[in-house]
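According to the numbering used here, the sequence shown is numbered sequentially starting from 1.
Read the hints as simulated data drawn from the structure, not as lab findings. Hints may be right or wrong, so weigh each one.
Cut-off 35 Å, straight-line C-alpha distance, at most; resulting in silico cross-link-like pairs (DSBU-like, lysine-lysine) [as the list claims (entries may be wrong)]:
hint, residue 1, residue 2
1, K395, K56
2, K56, K463
3, K326, K56
4, K395, K326
5, K56, K488
6, K488, K463
7, K326, K488
8, K463, K326
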Amino acid sequence: MEWLWPGEPQRRVERVLHALAFAFVAVLAYQVTLRVAFPWDFWIWSESPFMTNMLKLSNGESTFDAPRDANSWVYSPGLEYLCFALLRPLGLQLDIRAARIVAVALGLVAAVFASRSAAELLAVLRKPSAADRSFRLFAIAALVLLFFRSFTSDVVHADNLYIAHASISLYLCIRAASTGSYRGGLLAVGVSALGPLAKQTGSFGFVGIAVVLCLLHGSRWSLGRRLGLIALGAGIWAGATGLLMSSANSRFWLFDLLSRHAVVWSSAVSLLHLCFEYPHRVVLLGLALLAAMRLVASRDRRAGVFLASWAAGLTAVLPALAGYLKVGGGWNNLTIFDLWIAILALPVAWGAMASAFERDASAANDAPTREGGVGRATTWAAALALLVIFLVPLKLPPTRGQYAFGHALDAAVRDDLAAGRRILLPHGMMPLLRAGHRVVPMDRAGSVLESNMGEHADLPGTKARVEEHYYDRIYLFVSDWYGQEIVKAIEQNYHEVLQIPGDATYPYVDEYLSGQTGFMHRAVRVMAPN
1 MEWLWPGEPQ
11 RRVERVLHAL
21 AFAFVAVLAY
31 QVTLRVAFPW
41 DFWIWSESPF
51 MTNMLKLSNG
61 ESTFDAPRDA
71 NSWVYSPGLE
81 YLCFALLRPL
91 GLQLDIRAAR
101 IVAVALGLVA
111 AVFASRSAAE
121 LLAVLRKPSA
131 ADRSFRLFAI
141 AALVLLFFRS
151 FTSDVVHADN
161 LYIAHASISL
171 YLCIRAASTG
181 SYRGGLLAVG
191 VSALGPLAKQ
201 TGSFGFVGIA
211 VVLCLLHGSR
221 WSLGRRLGLI
231 ALGAGIWAGA
241 TGLLMSSANS
251 RFWLFDLLSR
261 HAVVWSSAVS
271 LLHLCFEYPH
281 RVVLLGLALL
291 AAMRLVASRD
301 RRAGVFLASW
311 AAGLTAVLPA
321 LAGYLKVGGG
331 WNNLTIFDLW
341 IAILALPVAW
351 GAMASAFERD
361 ASAANDAPTR
371 EGGVGRATTW
381 AAALALLVIF
391 LVPLKLPPTR
401 GQYAFGHALD
411 AAVRDDLAAG
421 RRILLPHGMM
431 PLLRAGHRVV
441 PMDRAGSVLE
451 SNMGEHADLP
461 GTKARVEEHY
471 YDRIYLFVSD
481 WYGQEIVKAI
491 EQNYHEVLQI
501 PGDATYPYVD
511 EYLSGQTGFM
521 HRAVRVMAPN
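Construct the entire structure; sequences and hints are all you get.
Structure representation (C-alpha coordinates):
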(Lines of atoms letter the chains of each structure in order from A and count residues from 1; the text may use other names and numbers.)
(Lines give C-alpha, C1' and ligand atoms only; values in the text may rest on other atoms or scores of the structure.)
Protein backbone atom coordinates (compact mmCIF):
# COMPACT_ATOMS: atom_id res chain seq x y z
CA MET A 1 0.00 0.00 0.00
CA GLU A 2 3.06 2.24 0.09
CA TRP A 3 2.37 3.33 -3.50
CA LEU A 4 -1.16 4.40 -2.55
CA TRP A 5 -0.39 6.17 0.74
CA PRO A 6 3.25 7.19 0.71
CA GLY A 7 4.87 8.19 3.98
CA GLU A 8 5.04 6.91 7.54
CA PRO A 9 2.12 4.86 8.94
CA GLN A 10 1.14 7.75 11.21
CA ARG A 11 0.80 10.13 8.27
CA ARG A 12 -1.29 7.59 6.38
CA VAL A 13 -3.70 7.13 9.27
CA GLU A 14 -4.01 10.89 9.73
CA ARG A 15 -4.84 11.28 6.03
CA VAL A 16 -7.54 8.63 6.30
CA LEU A 17 -9.09 10.32 9.34
CA HIS A 18 -8.94 13.72 7.65
CA ALA A 19 -10.43 12.36 4.43
CA LEU A 20 -13.29 10.67 6.28
CA ALA A 21 -14.10 13.68 8.44
CA PHE A 22 -13.91 16.27 5.67
CA ALA A 23 -15.88 14.08 3.25
CA PHE A 24 -18.70 14.07 5.78
CA VAL A 25 -18.29 17.83 6.28
CA ALA A 26 -18.69 18.28 2.51
CA VAL A 27 -21.91 16.24 2.58
CA LEU A 28 -23.11 18.29 5.56
CA ALA A 29 -22.28 21.55 3.78
CA TYR A 30 -24.38 20.47 0.80
CA GLN A 31 -27.34 19.57 3.02
CA VAL A 32 -27.12 22.73 5.11
CA THR A 33 -26.74 25.00 2.07
CA LEU A 34 -29.99 23.70 0.61
CA ARG A 35 -31.75 24.02 3.95
CA VAL A 36 -30.48 27.55 4.60
CA ALA A 37 -31.73 28.60 1.16
CA PHE A 38 -35.33 27.57 1.97
CA PRO A 39 -37.06 30.99 1.98
CA TRP A 40 -39.73 30.29 4.62
CA ASP A 41 -39.47 30.12 8.41
CA PHE A 42 -41.10 26.70 8.71
CA TRP A 43 -38.24 24.42 9.78
CA ILE A 44 -38.75 24.49 13.54
CA TRP A 45 -40.88 26.39 16.06
CA SER A 46 -38.26 29.05 16.88
CA GLU A 47 -38.01 30.55 13.39
CA SER A 48 -41.44 32.17 13.31
CA PRO A 49 -41.11 34.05 16.65
CA PHE A 50 -37.55 35.00 15.68
CA MET A 51 -38.76 36.70 12.49
CA THR A 52 -41.62 38.31 14.43
CA ASN A 53 -39.00 39.87 16.70
CA MET A 54 -36.91 40.95 13.72
CA LEU A 55 -39.94 42.84 12.39
CA LYS A 56 -40.41 44.46 15.79
CA LEU A 57 -36.79 45.63 15.81
CA SER A 58 -37.14 46.90 12.24
CA ASN A 59 -40.15 48.94 13.38
CA GLY A 60 -38.22 50.33 16.37
CA GLU A 61 -40.28 48.30 18.86
CA SER A 62 -39.37 46.11 21.81
CA THR A 63 -39.17 42.39 21.24
CA PHE A 64 -41.54 41.89 24.19
CA ASP A 65 -45.19 42.95 24.02
CA ALA A 66 -48.10 42.48 26.39
CA PRO A 67 -49.21 38.87 26.93
CA ARG A 68 -52.62 39.77 25.52
CA ASP A 69 -51.07 40.41 22.10
CA ALA A 70 -49.58 36.89 22.08
CA ASN A 71 -46.67 37.71 19.78
CA SER A 72 -43.61 37.47 22.05
CA TRP A 73 -41.22 34.65 22.84
CA VAL A 74 -39.50 33.10 25.83
CA TYR A 75 -35.88 33.05 24.61
CA SER A 76 -33.34 35.71 25.43
CA PRO A 77 -33.21 38.00 22.36
CA GLY A 78 -29.42 38.11 21.99
CA LEU A 79 -29.51 36.30 18.64
CA GLU A 80 -32.08 38.76 17.33
CA TYR A 81 -29.93 41.71 18.44
CA LEU A 82 -26.86 40.22 16.79
CA CYS A 83 -28.60 39.37 13.52
CA PHE A 84 -30.28 42.76 13.39
CA ALA A 85 -26.95 44.57 13.95
CA LEU A 86 -25.25 42.52 11.22
CA LEU A 87 -28.06 42.38 8.66
CA ARG A 88 -29.84 45.74 8.97
CA PRO A 89 -27.02 47.63 7.17
CA LEU A 90 -27.40 45.12 4.31
CA GLY A 91 -31.20 45.38 4.24
CA LEU A 92 -31.46 41.64 4.94
CA GLN A 93 -32.82 41.63 8.49
CA LEU A 94 -36.24 40.41 7.32
CA ASP A 95 -34.88 37.51 5.27
CA ILE A 96 -34.83 34.20 7.14
CA ARG A 97 -32.06 32.92 4.86
CA ALA A 98 -29.66 35.66 5.92
CA ALA A 99 -30.45 35.01 9.59
CA ARG A 100 -29.75 31.31 9.11
CA ILE A 101 -26.34 32.17 7.64
CA VAL A 102 -25.52 34.04 10.85
CA ALA A 103 -26.72 31.09 12.91
CA VAL A 104 -24.62 28.63 10.91
CA ALA A 105 -21.60 30.93 11.28
CA LEU A 106 -22.09 30.82 15.05
CA GLY A 107 -22.01 27.03 14.86
CA LEU A 108 -18.69 27.20 13.03
CA VAL A 109 -17.38 29.64 15.65
CA ALA A 110 -18.39 27.21 18.40
CA ALA A 111 -16.54 24.37 16.65
CA VAL A 112 -13.40 26.46 16.09
CA PHE A 113 -13.11 27.63 19.70
CA ALA A 114 -13.96 24.19 21.07
CA SER A 115 -11.19 22.74 18.86
CA ARG A 116 -8.74 25.34 20.16
CA SER A 117 -9.59 24.32 23.72
CA ALA A 118 -9.05 20.68 22.76
CA ALA A 119 -5.69 21.62 21.22
CA GLU A 120 -4.71 23.22 24.53
CA LEU A 121 -5.36 19.90 26.25
CA LEU A 122 -3.32 18.01 23.66
CA ALA A 123 -0.42 20.37 24.39
CA VAL A 124 -0.70 19.36 28.05
CA LEU A 125 -0.76 15.65 27.27
CA ARG A 126 2.28 15.54 24.98
CA LYS A 127 5.09 17.58 23.50
CA PRO A 128 4.16 19.65 20.42
CA SER A 129 4.68 17.92 17.09
CA ALA A 130 3.38 17.85 13.52
CA ALA A 131 0.68 15.43 14.67
CA ASP A 132 -0.73 18.14 16.93
CA ARG A 133 -1.09 20.57 14.06
CA SER A 134 -2.84 17.84 12.12
CA PHE A 135 -5.16 17.32 15.10
CA ARG A 136 -6.52 20.87 14.89
CA LEU A 137 -7.91 20.22 11.41
CA PHE A 138 -9.44 16.91 12.43
CA ALA A 139 -10.93 18.39 15.60
CA ILE A 140 -12.63 21.24 13.74
CA ALA A 141 -14.17 18.82 11.24
CA ALA A 142 -15.32 16.39 13.95
CA LEU A 143 -16.78 19.16 16.10
CA VAL A 144 -18.62 20.66 13.13
CA LEU A 145 -20.21 17.27 12.50
CA LEU A 146 -21.05 17.00 16.19
CA PHE A 147 -22.58 20.46 16.54
CA PHE A 148 -24.61 20.30 13.33
CA ARG A 149 -26.15 17.01 14.36
CA SER A 150 -28.58 19.05 16.45
CA PHE A 151 -31.82 20.04 14.76
CA THR A 152 -31.34 23.61 16.02
CA SER A 153 -27.91 24.06 14.41
CA ASP A 154 -28.88 25.30 10.93
CA VAL A 155 -31.91 27.35 11.93
CA VAL A 156 -32.38 30.50 13.99
CA HIS A 157 -32.43 29.30 17.58
CA ALA A 158 -30.86 30.53 20.81
CA ASP A 159 -28.77 27.34 21.06
CA ASN A 160 -26.39 28.58 18.37
CA LEU A 161 -25.41 31.74 20.22
CA TYR A 162 -25.48 30.02 23.61
CA ILE A 163 -23.05 27.27 22.60
CA ALA A 164 -20.77 29.64 20.67
CA HIS A 165 -20.62 31.98 23.67
CA ALA A 166 -19.85 29.12 26.06
CA SER A 167 -17.10 27.80 23.75
CA ILE A 168 -15.45 31.22 23.46
CA SER A 169 -15.65 31.75 27.23
CA LEU A 170 -14.07 28.36 27.91
CA TYR A 171 -11.14 29.02 25.59
CA LEU A 172 -10.52 32.43 27.13
CA CYS A 173 -10.64 30.88 30.60
CA ILE A 174 -8.15 28.15 29.66
CA ARG A 175 -5.74 30.71 28.23
CA ALA A 176 -6.02 33.00 31.26
CA ALA A 177 -5.69 30.09 33.68
CA SER A 178 -2.61 28.66 31.94
CA THR A 179 -0.78 31.95 31.42
CA GLY A 180 -1.81 33.78 34.58
CA SER A 181 -2.60 36.90 32.55
CA TYR A 182 -4.81 39.24 34.55
CA ARG A 183 -5.98 41.01 31.42
CA GLY A 184 -6.84 37.61 29.99
CA GLY A 185 -8.81 36.86 33.13
CA LEU A 186 -10.74 40.11 32.84
CA LEU A 187 -11.54 39.28 29.21
CA ALA A 188 -12.68 35.75 30.06
CA VAL A 189 -14.92 36.88 32.92
CA GLY A 190 -16.25 39.88 30.99
CA VAL A 191 -17.21 37.84 27.93
CA SER A 192 -18.74 35.03 29.97
CA ALA A 193 -20.83 37.54 31.97
CA LEU A 194 -22.73 38.36 28.76
CA GLY A 195 -24.36 34.93 29.03
CA PRO A 196 -27.88 36.19 29.86
CA LEU A 197 -28.07 37.77 26.39
CA ALA A 198 -27.31 34.44 24.71
CA LYS A 199 -29.80 32.22 26.54
CA GLN A 200 -31.15 32.13 30.07
CA THR A 201 -29.33 28.87 30.77
CA GLY A 202 -25.99 30.62 30.23
CA SER A 203 -26.64 33.33 32.78
CA PHE A 204 -24.19 32.25 35.49
CA GLY A 205 -21.29 30.90 33.47
CA PHE A 206 -19.08 33.77 34.63
CA VAL A 207 -19.33 32.63 38.26
CA GLY A 208 -17.39 29.42 37.75
CA ILE A 209 -14.77 31.12 35.61
CA ALA A 210 -14.23 33.95 38.10
CA VAL A 211 -13.96 31.58 41.06
CA VAL A 212 -11.54 29.20 39.35
CA LEU A 213 -9.27 32.00 38.10
CA CYS A 214 -9.14 33.57 41.55
CA LEU A 215 -8.34 30.22 43.18
CA LEU A 216 -5.67 29.31 40.65
CA HIS A 217 -3.90 32.66 40.83
CA GLY A 218 -4.59 33.69 44.41
CA SER A 219 -0.86 33.85 45.10
CA ARG A 220 -0.11 35.96 42.01
CA TRP A 221 -3.06 38.34 41.97
CA SER A 222 -3.64 40.70 44.87
CA LEU A 223 -6.92 40.74 46.75
CA GLY A 224 -7.83 43.98 44.98
CA ARG A 225 -7.29 42.39 41.58
CA ARG A 226 -9.38 39.37 42.48
CA LEU A 227 -12.19 41.55 43.78
CA GLY A 228 -11.92 43.66 40.64
CA LEU A 229 -12.28 40.54 38.49
CA ILE A 230 -15.40 39.49 40.35
CA ALA A 231 -16.81 43.03 40.30
CA LEU A 232 -16.31 43.26 36.53
CA GLY A 233 -18.19 40.02 35.95
CA ALA A 234 -20.98 40.95 38.32
CA GLY A 235 -21.30 44.42 36.79
CA ILE A 236 -21.52 43.18 33.20
CA TRP A 237 -23.92 40.43 34.25
CA ALA A 238 -26.12 42.97 36.08
CA GLY A 239 -26.13 45.24 33.03
CA ALA A 240 -27.10 42.42 30.67
CA THR A 241 -29.74 41.10 33.04
CA GLY A 242 -31.08 44.59 33.71
CA LEU A 243 -31.45 45.17 29.97
CA LEU A 244 -33.49 42.01 29.63
CA MET A 245 -35.64 42.64 32.71
CA SER A 246 -36.21 46.34 32.14
CA SER A 247 -39.95 46.03 31.43
CA ALA A 248 -42.85 44.11 32.91
CA ASN A 249 -43.45 42.39 29.56
CA SER A 250 -39.87 41.14 29.26
CA ARG A 251 -39.90 39.91 32.85
CA PHE A 252 -43.09 38.00 32.13
CA TRP A 253 -41.84 36.27 28.97
CA LEU A 254 -38.26 35.64 30.06
CA PHE A 255 -38.76 34.65 33.68
CA ASP A 256 -42.29 34.42 35.04
CA LEU A 257 -43.70 32.28 32.25
CA LEU A 258 -40.73 29.92 32.14
CA SER A 259 -40.76 29.53 35.91
CA ARG A 260 -44.32 28.24 35.64
CA HIS A 261 -43.49 25.61 33.02
CA ALA A 262 -43.83 22.15 34.51
CA VAL A 263 -40.74 20.02 35.05
CA VAL A 264 -41.11 16.57 33.48
CA TRP A 265 -39.10 14.51 35.95
CA SER A 266 -39.62 11.36 33.90
CA SER A 267 -37.29 12.93 31.34
CA ALA A 268 -34.46 12.47 33.82
CA VAL A 269 -34.84 8.72 33.40
CA SER A 270 -34.48 9.05 29.64
CA LEU A 271 -31.12 10.80 30.05
CA LEU A 272 -29.42 7.44 30.57
CA HIS A 273 -31.23 6.10 27.55
CA LEU A 274 -30.02 9.03 25.46
CA CYS A 275 -26.42 8.19 26.40
CA PHE A 276 -26.78 4.92 24.48
CA GLU A 277 -29.44 5.79 21.90
CA TYR A 278 -26.89 7.76 19.89
CA PRO A 279 -23.73 5.66 19.36
CA HIS A 280 -21.42 8.67 19.00
CA ARG A 281 -22.19 9.56 22.61
CA VAL A 282 -21.03 6.13 23.81
CA VAL A 283 -17.66 6.65 22.13
CA LEU A 284 -17.37 10.20 23.48
CA LEU A 285 -18.21 9.22 27.04
CA GLY A 286 -15.73 6.35 27.04
CA LEU A 287 -12.90 8.50 25.71
CA ALA A 288 -13.76 11.40 28.03
CA LEU A 289 -13.68 9.09 31.05
CA LEU A 290 -10.18 7.96 30.12
CA ALA A 291 -9.14 11.59 29.62
CA ALA A 292 -10.50 12.68 33.00
CA MET A 293 -8.78 9.78 34.76
CA ARG A 294 -5.49 10.64 33.10
CA LEU A 295 -5.75 14.31 33.99
CA VAL A 296 -6.69 13.62 37.60
CA ALA A 297 -3.81 11.17 37.97
CA SER A 298 -1.32 13.48 36.29
CA ARG A 299 1.22 15.32 38.40
CA ASP A 300 1.53 18.01 35.77
CA ARG A 301 0.10 21.25 37.15
CA ARG A 302 -1.04 22.17 33.66
CA ALA A 303 -3.36 19.15 33.64
CA GLY A 304 -5.03 20.32 36.85
CA VAL A 305 -5.34 23.86 35.48
CA PHE A 306 -7.02 22.61 32.33
CA LEU A 307 -9.42 20.34 34.19
CA ALA A 308 -10.32 23.17 36.58
CA SER A 309 -11.03 25.50 33.64
CA TRP A 310 -13.10 22.85 31.91
CA ALA A 311 -15.09 22.29 35.12
CA ALA A 312 -15.55 26.06 35.53
CA GLY A 313 -17.32 26.13 32.20
CA LEU A 314 -19.87 23.66 33.51
CA THR A 315 -21.63 26.54 35.29
CA ALA A 316 -22.77 27.60 31.81
CA VAL A 317 -23.37 24.05 30.60
CA LEU A 318 -25.25 22.25 33.38
CA PRO A 319 -28.28 24.62 33.37
CA ALA A 320 -29.04 23.28 29.87
CA LEU A 321 -30.50 20.28 31.66
CA ALA A 322 -33.32 22.57 32.83
CA GLY A 323 -34.24 23.15 29.21
CA TYR A 324 -34.31 19.42 28.60
CA LEU A 325 -36.39 18.60 31.69
CA LYS A 326 -39.04 21.27 31.28
CA VAL A 327 -42.27 20.49 29.46
CA GLY A 328 -41.63 20.70 25.73
CA GLY A 329 -37.87 20.37 26.18
CA GLY A 330 -35.90 18.49 23.52
CA TRP A 331 -32.59 16.67 23.20
CA ASN A 332 -31.10 19.69 21.43
CA ASN A 333 -30.33 20.96 24.94
CA LEU A 334 -27.78 18.16 25.28
CA THR A 335 -25.68 19.27 22.30
CA ILE A 336 -23.56 21.54 24.47
CA PHE A 337 -22.75 18.52 26.68
CA ASP A 338 -21.56 16.64 23.59
CA LEU A 339 -19.20 19.47 22.72
CA TRP A 340 -17.94 19.73 26.29
CA ILE A 341 -17.25 16.00 26.44
CA ALA A 342 -15.57 16.06 23.02
CA ILE A 343 -13.12 18.70 24.25
CA LEU A 344 -11.75 16.02 26.59
CA ALA A 345 -12.28 12.98 24.38
CA LEU A 346 -10.74 14.05 21.06
CA PRO A 347 -7.29 15.18 22.26
CA VAL A 348 -6.74 12.18 24.54
CA ALA A 349 -7.54 9.74 21.72
CA TRP A 350 -5.43 11.61 19.18
CA GLY A 351 -2.57 12.05 21.61
CA ALA A 352 -2.57 8.36 22.55
CA MET A 353 -2.60 7.39 18.88
CA ALA A 354 0.28 9.73 18.00
CA SER A 355 2.32 8.64 21.01
CA ALA A 356 1.90 4.97 20.12
CA PHE A 357 3.09 5.62 16.58
CA GLU A 358 6.09 7.61 17.86
CA ARG A 359 7.08 4.90 20.34
CA ASP A 360 6.82 2.41 17.51
CA ALA A 361 9.08 4.52 15.30
CA SER A 362 11.68 4.93 18.05
CA ALA A 363 11.79 1.19 18.66
CA ALA A 364 11.83 0.06 15.04
CA ASN A 365 14.38 -2.66 15.72
CA ASP A 366 12.33 -4.21 18.49
CA ALA A 367 9.70 -6.27 16.67
CA PRO A 368 7.42 -7.06 19.68
CA THR A 369 7.41 -3.40 20.76
CA ARG A 370 6.79 -2.30 17.20
CA GLU A 371 3.79 -4.59 16.81
CA GLY A 372 2.39 -3.47 20.14
CA GLY A 373 2.79 0.19 19.22
CA VAL A 374 1.02 -0.29 15.90
CA GLY A 375 -1.78 -2.20 17.60
CA ARG A 376 -2.42 0.49 20.19
CA ALA A 377 -2.27 3.23 17.57
CA THR A 378 -4.70 1.34 15.35
CA THR A 379 -7.13 0.93 18.24
CA TRP A 380 -7.17 4.67 18.96
CA ALA A 381 -7.45 5.50 15.25
CA ALA A 382 -10.37 3.07 14.92
CA ALA A 383 -12.14 4.77 17.84
CA LEU A 384 -11.79 8.18 16.17
CA ALA A 385 -12.93 6.80 12.81
CA LEU A 386 -15.92 5.12 14.46
CA LEU A 387 -16.87 8.38 16.14
CA VAL A 388 -16.85 10.20 12.80
CA ILE A 389 -18.87 7.44 11.13
CA PHE A 390 -21.50 7.74 13.85
CA LEU A 391 -21.72 11.47 13.01
CA VAL A 392 -22.72 10.87 9.39
CA PRO A 393 -24.85 13.89 8.29
CA LEU A 394 -28.54 13.01 8.11
CA LYS A 395 -30.21 16.37 7.51
CA LEU A 396 -32.80 16.30 4.75
CA PRO A 397 -32.87 19.15 2.19
CA PRO A 398 -36.24 20.74 1.36
CA THR A 399 -38.47 18.83 -1.03
CA ARG A 400 -40.43 20.00 -4.06
CA GLY A 401 -43.58 19.53 -2.03
CA GLN A 402 -42.31 21.89 0.65
CA TYR A 403 -41.46 24.54 -1.91
CA ALA A 404 -44.91 24.07 -3.46
CA PHE A 405 -46.47 24.43 0.01
CA GLY A 406 -44.59 27.69 0.63
CA HIS A 407 -45.48 29.18 -2.75
CA ALA A 408 -49.16 28.25 -2.34
CA LEU A 409 -49.26 29.83 1.11
CA ASP A 410 -47.49 32.93 -0.25
CA ALA A 411 -50.05 33.30 -3.03
CA ALA A 412 -53.05 32.96 -0.71
CA VAL A 413 -51.64 35.44 1.82
CA ARG A 414 -50.69 37.91 -0.92
CA ASP A 415 -54.20 37.77 -2.40
CA ASP A 416 -55.86 38.31 0.98
CA LEU A 417 -53.62 41.27 1.84
CA ALA A 418 -54.15 42.79 -1.61
CA ALA A 419 -57.90 42.56 -1.01
CA GLY A 420 -57.48 44.47 2.26
CA ARG A 421 -58.37 41.51 4.46
CA ARG A 422 -57.08 41.23 8.01
CA ILE A 423 -55.56 37.78 8.31
CA LEU A 424 -54.31 35.54 11.08
CA LEU A 425 -51.35 33.35 10.14
CA PRO A 426 -50.55 31.51 13.40
CA HIS A 427 -47.10 30.27 12.35
CA GLY A 428 -44.59 31.69 9.88
CA MET A 429 -43.69 35.32 9.20
CA MET A 430 -42.10 35.01 5.78
CA PRO A 431 -45.37 34.76 3.79
CA LEU A 432 -46.42 38.06 5.40
CA LEU A 433 -43.03 39.71 4.91
CA ARG A 434 -42.72 38.51 1.31
CA ALA A 435 -46.11 40.07 0.63
CA GLY A 436 -44.89 43.43 2.00
CA HIS A 437 -46.77 43.27 5.31
CA ARG A 438 -44.93 45.30 7.96
CA VAL A 439 -47.40 45.37 10.87
CA VAL A 440 -46.42 43.07 13.75
CA PRO A 441 -49.07 40.32 13.89
CA MET A 442 -50.80 39.13 17.03
CA ASP A 443 -51.95 35.70 18.17
CA ARG A 444 -48.87 33.72 17.20
CA ALA A 445 -49.43 30.03 17.86
CA GLY A 446 -46.04 29.63 19.57
CA SER A 447 -46.75 32.45 22.00
CA VAL A 448 -50.14 30.98 22.90
CA LEU A 449 -48.59 27.54 23.35
CA GLU A 450 -45.98 28.90 25.76
CA SER A 451 -48.71 30.73 27.70
CA ASN A 452 -50.76 27.55 27.93
CA MET A 453 -47.78 25.54 29.19
CA GLY A 454 -47.06 28.27 31.75
CA GLU A 455 -50.59 28.14 33.17
CA HIS A 456 -51.46 31.53 31.70
CA ALA A 457 -54.00 30.42 29.11
CA ASP A 458 -56.26 33.26 30.25
CA LEU A 459 -53.86 36.05 29.23
CA PRO A 460 -53.76 35.90 25.40
CA GLY A 461 -56.64 37.78 23.75
CA THR A 462 -56.79 35.28 20.89
CA LYS A 463 -60.10 33.63 21.76
CA ALA A 464 -61.83 37.00 22.25
CA ARG A 465 -60.57 38.30 18.92
CA VAL A 466 -61.78 35.14 17.18
CA GLU A 467 -65.24 35.46 18.73
CA GLU A 468 -65.39 39.13 17.70
CA HIS A 469 -64.58 38.19 14.08
CA TYR A 470 -61.50 40.42 14.31
CA TYR A 471 -59.91 38.52 11.42
CA ASP A 472 -61.27 38.27 7.89
CA ARG A 473 -59.24 35.14 7.25
CA ILE A 474 -57.68 32.60 9.62
CA TYR A 475 -55.09 30.15 8.34
CA LEU A 476 -55.17 27.02 10.50
CA PHE A 477 -51.42 26.33 10.43
CA VAL A 478 -50.25 24.23 13.44
CA SER A 479 -53.57 25.16 15.02
CA ASP A 480 -53.22 22.43 17.65
CA TRP A 481 -50.78 24.74 19.45
CA TYR A 482 -53.71 27.01 20.26
CA GLY A 483 -55.42 24.47 22.50
CA GLN A 484 -58.96 23.14 22.38
CA GLU A 485 -60.77 26.29 23.50
CA ILE A 486 -59.38 28.55 20.75
CA VAL A 487 -59.71 25.90 18.04
CA LYS A 488 -63.31 25.33 19.11
CA ALA A 489 -63.99 29.08 18.92
CA ILE A 490 -62.54 29.19 15.40
CA GLU A 491 -64.67 26.25 14.25
CA GLN A 492 -67.81 27.85 15.71
CA ASN A 493 -67.25 31.33 14.29
CA TYR A 494 -65.54 30.60 10.97
CA HIS A 495 -66.01 28.26 8.04
CA GLU A 496 -63.55 26.83 5.53
CA VAL A 497 -63.21 28.62 2.18
CA LEU A 498 -59.90 27.20 0.95
CA GLN A 499 -57.50 24.39 1.68
CA ILE A 500 -53.77 24.52 0.93
CA PRO A 501 -52.40 20.96 0.54
CA GLY A 502 -49.58 19.71 2.72
CA ASP A 503 -46.13 18.97 1.39
CA ALA A 504 -46.78 15.25 0.73
CA THR A 505 -43.63 14.39 2.70
CA TYR A 506 -43.56 11.04 4.44
CA PRO A 507 -43.49 11.58 8.24
CA TYR A 508 -40.08 10.38 9.40
CA VAL A 509 -39.55 8.44 12.63
CA ASP A 510 -37.02 10.95 13.97
CA GLU A 511 -38.03 14.19 12.29
CA TYR A 512 -35.83 16.32 14.52
CA LEU A 513 -32.67 14.38 13.63
CA SER A 514 -33.39 14.83 9.92
CA GLY A 515 -34.50 18.44 10.35
CA GLN A 516 -38.00 17.81 9.00
CA THR A 517 -40.27 18.79 11.87
CA GLY A 518 -43.48 18.09 10.02
CA PHE A 519 -45.14 21.51 10.24
CA MET A 520 -45.81 21.39 6.49
CA HIS A 521 -47.16 17.83 6.37
CA ARG A 522 -50.78 18.73 7.00
CA ALA A 523 -53.06 20.85 4.84
CA VAL A 524 -53.76 24.43 5.93
CA ARG A 525 -57.45 25.27 6.19
CA VAL A 526 -58.27 28.89 5.36
CA MET A 527 -61.31 30.07 7.34
CA ALA A 528 -63.67 33.02 6.82
CA PRO A 529 -66.20 34.48 9.33
CA ASN A 530 -69.67 32.92 9.43
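Verification of the supplied hints:
Distance check on the hinted pair: K395 and K56 sit about 31 Å apart at the alpha-carbon level, within 35 Å; holds. The suggested pairing of K56 with K463 holds, with an alpha-carbon distance near 23 Å, which does not exceed 35 Å. A threshold of 35 Å between alpha carbons decides the hint, and for K326 with K56 the separation of about 28 Å falls inside it, so the pair holds. For the suggested pair K395 and K326, the alpha carbons sit about 26 Å apart, so the restraint of at most 35 Å is met.
Pair hint K56 plus K488 holds up; C-alpha atoms about 30 Å apart against a cutoff of 35 Å. With a C-alpha separation of about 9 Å, the suggested pairing of K488 with K463 holds against the 35 Å cut-off. At roughly 27 Å between alpha-carbon atoms, K326 and K488 fall within 35 Å of each other, so this suggested pair holds. Distance restraint check for K463 and K326: the Cα-Cα separation of roughly 26 Å lies within the 35 Å cut-off, and the hinted pair is therefore satisfied.
When the structure is compared with the earlier hints, no violation turns up for any of them.
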